[in-house]
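Taken in order, the sequence shown gives residues 29 to 137; the numbers are from this note's numbering.
Incorrect hints may appear among the rest.
[What the hints assert, rightly or not] Just the calculated beta-carbon pair ranges, DEER-fashion:
no., residue 1, residue 2, range
1, K65, C123, 18 to 28 Å
2, F60, E114, 51 to 61 Å
3, V137, H103, 37 to 47 Å
4, P109, F60, 54 to 64 Å
5, A61, E96, 56 to 66 Å
6, N97, D136, 31 to 41 Å
7, F60, F108, 50 to 60 Å
8, D131, T87, 36 to 46 Å
9, P109, P64, 42 to 52 Å
10, E114, P64, 45 to 55 Å
[What the hints assert, rightly or not] Here are the simulated DSS-like pairs of lysine-lysine, each with C-alpha atoms no more than 30 Å apart in a straight line:
no., residue 1, residue 2
11, K84, K99
12, K81, K92
13, K99, K81
The set of hints was computed from the structure by calculation and includes no laboratory data.
This one's a predicted model, so the numbers in the text were calculated from it and none came from an experiment.
Glycine residues also receive a C-beta, built at the ideal position from the N, C-alpha and C atoms.
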Amino acid sequence: MMSTTSFSKKPLALESTEPAVTPPPPTGNTTFAKKPKLGKSKKREIPEGLWTKCPKCSTMVFDKELDENLKVCTHCQYHFPVGARERIHSLVETCTFEEMDADMTSVDV
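Produce the entire structure from the sequences given, and follow the hints as far as they go.
Structure below.
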């Protein structure tokens with residue numbers, strides 16, 4: 029007679045119902061902690077009319093030094109634009125210039 033052997037299926041250990049990483053407990057508040065603000069250094073404010081930046085060499089030139097040098101950069105010899113009145117004051121003695129016929133216009137434009 030033949031003997032019958034019975035096989036039974038064994039449960040595997042991988043059939044776990046709990047996930048590998050457990051999620052945080054459910055709460056109604058899902059806000060994240062904010063990063064602390066670091067103290068930002070404020071940029072120093074330079075008053076207008078004290079310094080001028082040279083467009084050629086990017087050097088900051090003190091305005092009094094620029095005026096004494098007749099609007100020429102002391103570092104790269106860049107010539108800043110000069111207005112008509114400022115040019116006249118640089119050429120003529122102080123308070124001796126008198127404008128004449130300011131309303132005169134050209135006939136042949």
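Hint check results:
1. K65 to C123: 18 to 28 Å: violated (57 Å)
2. F60 to E114: 51 to 61 Å: At 60 Å between Cβs, range holds.
3. V137 to H103: 37 to 47 Å: Hint holds: Cβ distance 42 Å, inside 37 to 47 Å.
4. P109 to F60: 54 to 64 Å: 55 Å Cβ-Cβ, so the 54 to 64 Å window holds.
5. A61 to E96: 56 to 66 Å: holds (58 Å)
6. N97 to D136: 31 to 41 Å: holds (39 Å)
7. F60 to F108: 50 to 60 Å: holds (54 Å)
8. D131 to T87: 36 to 46 Å: holds (42 Å)
9. P109 to P64: 42 to 52 Å: holds (49 Å)
10. E114 to P64: 45 to 55 Å: Cβ of E114 to Cβ of P64: about 53 Å, so the range 45 to 55 Å holds.
11. K84 to K99: holds (13 Å)
12. K81 to K92: holds (13 Å)
13. K99 to K81: holds (12 Å)
Comparing the model with each numbered hint stated earlier shows that hint 1 is the single one that does not hold.
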